[in-house]
Amino acid sequence: MSDHLLTTRGFTRDAAVRLLDLAEDMADTQQRQVKKLPTLRGTTVVNLFFEDSTRTRISFEVAAKRLSADVITFSAKGSSVSKGESLQDTAQTLQAMGADGIVMRHPSSGAAHVLATSGWTRAGVVNAGDGTHEHPTQALLDAFTIRRRRDGDDSRGRDLAGLRVVIVGDVLHSRVARSNLWLLTALGASVRLVGPPTLLPAHVEGWPVTTGIDLDEAIADGPDVVMMLRVQRERMTEAFFPSAREYARLYGLSVARADALPSTSLVMHPGPMNRGLEIAGAVADSPRSTVLEQVQNGVAVRMAVLYDVLAGERA
Amino acid sequence: MTLITGAALADGTSTDLRVADGTVVGLGRLTREPGERVLDADGLLLLTGLVDLHTHLRQPGGEGAETVLTGSRAAAAGGYTAVHAMPNTVPAADTAGVVEQVAALGEEAGYVDVRPVGAVSKGREGRELAELVSMARSRARVRLFSDDGSCVADPLLMRRALEYARIVDGVIAQHAEEPRLTAGAQLHEGAVAADLGLKGWPAVAEEAIIARDALLAESTGARLHVCHVSTAGSVDVRRWAKARGVRITAEVTPHHLWLTDEAARGYDPRFKVNPPLRTDDDVQALRAALADGTIDAVATDHAPHPAEAKRSEWSAAAMGMVGLETAVLVVQAAVVDTGLMGWPEVELAMSRRPAAIGGLTGAAQAVQVGRPADLVLLDPSHRRVLDTTHLAGRSTNSPFLGRSLPGRVVATLFRGVPTVLDGAVRAPEELTAGW
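Those sequence lines, one after another, are chains A and B.
For the first sequence, the working numbering assigns the number 529 to the initial residue and increments by one for each residue that follows.
For the second sequence, the working numbering assigns the number 547 to the initial residue and increments by one for each residue that follows.
In short, the hints are calculated from the structure, not lab data.
One or more hints might be untrue.
To be verified - Below, simulated EDC-like cross-link-like pairs (lysine to aspartate or glutamate); rule was C-alpha separation at most 20 Å, straight line:
hint, chain 1, residue 1, chain 2, residue 2
1, B, 745, A, 552
2, A, 564, A, 613
3, B, 788, B, 715
4, B, 668, B, 709
5, A, 563, A, 836
6, A, 564, A, 553
7, B, 745, A, 766
8, A, 593, A, 542
9, B, 745, A, 579
10, A, 563, A, 553
11, B, 745, A, 733
12, A, 593, A, 836
Remember, it's a predicted structure, so these values are computed and weren't measured experimentally.
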């Protein structure tokens with residue numbers, strides 16, 4: 529049981545493995561004819577999305593419904609929030625209406641932490657992405673996907689010891705990268721961050737990672753997993769890189785680069801993808817790509833997280 | 547007449563002191579005269595009243611956060627007898643009319659000498675020069691000019707301002723922040739910002755402007771003051787400029803002498819400030835620079851905000867901290883109790899040098915007979931955990947709440963009238979009634 533899921537930082541190996549195992553249990557139930565469990569019946573989960581994210585929102589919605597929770601989805605656009613209501617007022621309103629869990633996507637880093645520690649609500653808070661900080665359920669579903677590919681039906685109880693992961697692209701603005709580096713290293717994997725110097729944080733001395741600026745060199749090392757990050761085209765106007773073409777040439781996962789990987793290496797992407805920019809379409813659609821499995825596993829992982837945070841008595 | 551007995555001066559010598567008609571009229575061993583009021587200062591430290599170069603009083607326009615009166619009370623509570631009111635009000639203090647209004651409100655409040663700072667540019671927009679000479683020659687007698695809150699980023703405007711201010715021997719106080727390097731910045735660009743996913747605020751954004759302005763000041767022969775220096779690199783630039791003979795002075799805030807970006811880990815917006823809290827290396831460099839005189843003065847950058855402006859997610863919160871009430875306490879903790887500075891040097895950094903930079907000639911001197919009785923009595927042996935009852939302004943956005951702080955302001959005298967007695971700010975009607 530956890531009060532909230534705000535970050536993957538500080539996860540122990542055992543806590544991470546336990547949560548992934550719980551997700552395996554949830555995934556098993558999704559193979560049945562009747563996919564719905566009674567676990568969170570009578571529990572109200574609010575999906576509070578201050579940023580558009582159709583796929584994450586739907587994934588959480590499906591997960592909560594499969595656990596029989598009552599789900600309310602609250603998008604900031606067109607609501608009182610866009611008329612200047614503060615996070616405090618929104619949170620207190622949801623508290624007054626009896627929300628047991630709040631799944632929040634917010635453009636401000638740390639917003640989920642503030643919501644969970646402010647005293648404005650007693651609801652369990654699940655961070656569904658806060659600014660450029662973290663996106664813990666994405667990291668969990670990534671780890672889950674890797675483990676399944678590696679160990680198949682024998683996944684339970686296993687960590688990712690010895691696994692070598694390269695995360696490529698806009699690390700600076702990536703909540704996916706941050707959550708993954710803490711979780712994957714807690715599970716025993718090693719992580720290398722690769723991107724142009726403009727898109728790597730200036731100070732990562734406190735992170736348990738290595739960094740590099742040469743994707744071909746990282747690929748020549750034969751990593752087990754190459755995780756591509758989405759690159760936003762707006763970054764060009766802010767001089768992070770000069771053009772899509774040059775970015776793709778230097779940091780895109782082309783067919784040639786994918787072919788240079790060991791045959792067992794996985795290619796991952798959190799979506800949505802820019803085909804032809806950070807990843808070639810043929811690579812995204814190739815057997816080594818886990819893109820659709822990641823989406824599929826997202827539901828089981830989010831069921832596990834909601835169960836972990838919301839089942840049982842809250843303090 | 548008032549007799550203060552048994553006070554210790556900054557250098558440790560013990561003295562009695564007599565005040566009459568707002569002036570110090572006697573020093574040394576004095577005997578109580580019939581009917582004379584006595585303030586027993588045994589065990590207390592007597593310094594010249596503190597002078598702040600950097601205060602946001604928020605009036606006009608920001609009265610929900612602070613007014614000239616409430617900010618003056620906060621200043622008195624912190625041992626201040628003069629404050630320089632920054633011009634980032636609504637409207638901006640960019641004309642003689644506005645600065646005279648602020649000065650008049652200060653006089654009416656009567657707790658401290660309120661010295662308005664004039665804007666460098668019209669509306670603080672960084673485009674056209676404001677009427678610096680009109681403000682200087684107004685009743686507000688403005689000496690410092692600043693667009694604080696914003697940097698005078700345009701090098702041409704900065705050069706013209708430095709040149710033009712020479713007419714009145716004015717000082718341009720620069721908020722050193724290259725705006726292109728800090729667009730959207732949230733926290734010092736370092737390991738903590740990387741962890742928290744907050745947009746980094748690079749040290750070079752401050753250092754590059756200070757270096758540029760030092761060269762502009764050198765080439766124009768004008769006077770430059772650097773507001774709230776926050777990085778070790780800025781200290782190096784300042785040292786280099788001083789060695790070249792540039793007419794440059796610099797201030798540091800109490801919070802930059804103590805707190806680091808580590809304080810932001812819980813995303814508590816009380817620790818959000820411009821310039822941002824930096825690293826421990828920066829804190830140590832700033833302390834050393836204050837101790838060796840590379841940094842001339844401590845200035846609070848007292849920046850009150852209403853509670854709702856700080857009760858939010860980090861990126862939505864306002865930048866700034868209140869600091870008047872705690873400045874001398876924090877300085878004691880940071881540099882006195884750590885053995886880096888003695889009280890004579892603190893008196894220089896918090897009273898006499900800022901008075902000189904601000905052109906308060908009467909205040910820029912040691913305690914002596916004949917000078918105005920602007921004084922503060924401190925009890926350095928006191929220690930307490932700060933809570934909101936220790937704050938005297940309208941806002942409570944202090945980063946030091948809940949922390950144990952040494953020292954206590956026991957009494958403040960402004961022109962001979964106690965504004966604080968027994969640690970409590972006196973009511974306005976008590977001030978006009980005398981003692």
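Hint by hint, here is what the structure shows:
no. : hint          : in the structure
1   : B:745 - A:552 : violated, 36 Å
2   : A:564 - A:613 : violated, 36 Å
3   : B:788 - B:715 : holds, 19 Å
4   : B:668 - B:709 : holds, 17 Å
5   : A:563 - A:836 : holds, 18 Å
6   : A:564 - A:553 : holds, 13 Å
7   : B:745 - A:766 : holds, 14 Å
8   : A:593 - A:542 : violated, 28 Å
9   : B:745 - A:579 : holds, 18 Å
10  : A:563 - A:553 : holds, 12 Å
11  : B:745 - A:733 : holds, 17 Å
12  : A:593 - A:836 : holds, 15 Å
Of the hints listed earlier, those the structure fails to meet are numbers 1, 2, 8, in rising order.
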